[in-house]
Amino acid sequence: SQTIHQWPATLVQPVGSPLSLECTVEGTSNPNLYWYRQAAGRGLQLLFYSVGIGQISSEVPQNLSASRPQDRQFILSSKKLLLSDSGFYLCARNSGTGIISGYTFGSGTRLTVV
Amino acid sequence: AQSVTQLGSHVSVSEGALVLLRCNYSSSVPPYLFWYVQYPNQGLQLLLKYTTGATLVKGINGFEAEFKKSETSFHLTKPSAHMSDAAEYFCAVIHGSGNTGKLIFGQGTTLQVKP
Numbered sequence: 850s851q852t853i854h855q856w857p858a859t860l861v862q863p864v865g866s867p868l869s870l871e872c873t874v875e876g877t878s879n880p881n882l883y884w885y886r887q888a889a890g891r892g893l894q895l896l897f898y899s900v901g902i903g904q905i906s907s908e909v910p911q912n913l914s915a916s917r918p919q920d921r922q923f924i925l926s927s928k929k930l931l932l933s934d935s936g937f938y939l940c941a942r943n944s945g946t947g948i949i950s951g952y953t954f955g956s957g958t959r960l961t962v963v
Numbered sequence: 052a053q054s055v056t057q058l059g060s061h062v063s064v065s066e067g068a069l070v071l072l073r074c075n076y077s078s079s080v081p082p083y084l085f086w087y088v089q090y091p092n093q094g095l096q097l098l099l100k101y102t103t104g105a106t107l108v109k110g111i112n113g114f115e116a117e118f119k120k121s122e123t124s125f126h127l128t129k130p131s132a133h134m135s136d137a138a139e140y141f142c143a144v145i146h147g148s149g150n151t152g153k154l155i156f157g158q159g160t161t162l163q164v165k166p
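As they're listed, the protein sequences go chains C and U.
Residues in the first sequence are numbered from 850 upward in steps of one, following this note's numbering.
Residues in the second sequence are numbered from 52 upward in steps of one, following this note's numbering.
These aren't lab readings, by the way, just hints derived from the structure by calculation.
Just so you know, these numbers come straight off a predicted model, no measurement behind them.
Hints are not guaranteed to be accurate.
Claimed, not checked - With the Cβ distance kept under 8 Å, some of the chain U side facing chain C (calculated, not the full set):
(1) N92
(2) L97
(3) F141
(4) I145
(5) G152
(6) L154
C-beta atoms are modelled at their ideal positions from N, C-alpha and C, and glycine is treated no differently.
Can you build the whole structure from these sequences, using the hints too?
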């Protein structure tokens with residue numbers, strides 16, 4: 850099973866506070882991992898992806914960073930949150946061998962910055 | 052670069068009516084195309100995908116989509132809408148290749164089903 854665990858499910862944080870969202874995955878080893886953000890009316894935006902431990906690619910400049918300390922762990926962080934960081938954050942992994950198998954998604958974290 | 056455009060951010064149908072959600076793609080190579088569904092406050096679930104072969108693809112929950120190269124389209128259909136189909140639907144295309152290929156999503160279409 851290619852299950853993905855994300856926590857917390859919801860989070861309310863004040864502006865300027867730090868952030869750490871964790872994603873752990875099950876299934877085949879050495880997965881490609883992805884962080885997406887879904888903001889109101891803006892669809893799904895790819896933030897980061899990783900093809901291996903310590904390997905992070907950033908898709909858009911922003912206030913966030915990502916790390917992959919273990920094969921099945923992907924962390925999204927911020928030192929100081931902005932109001933614009935509010936959104937629904939989704940972690941994903943490749944569903945099988947190769948990109949054409951598509952992705953499996955976690956259940957997401959709803960972040961509200963106040 | 053590969054991309055998709057979903058026509059219509061909101062679609063409303065009556066229960067039992069035909070569902071048609073539109074997706075057009077842009078790709079310089081033969082595309083791999085996907086449809087995902089998202090229920091409120093949940094992750095995305097794969098409905099169906101087109102890679103190669105038969106252009107009419109059947110997915111879960113009675114949905115199907117047809118790849119039309121001449122029209123650069125991959126519209127999602129279902130003959131008869133159920134209340135449980137109310138959700139947000141995303142079309143996606145693979146951008147790039149090999150291990151660094153990524154899914155690029157459209158803006159999404161919210162489907163409302165009226166009783």
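We went through each hint and held it up to the structure:
{"no.": "1", "hint": "N92", "verdict": "7 Å, holds"}
{"no.": "2", "hint": "L97", "verdict": "5 Å, holds"}
{"no.": "3", "hint": "F141", "verdict": "6 Å, holds"}
{"no.": "4", "hint": "I145", "verdict": "5 Å, holds"}
{"no.": "5", "hint": "G152", "verdict": "4 Å, holds"}
{"no.": "6", "hint": "L154", "verdict": "6 Å, holds"}
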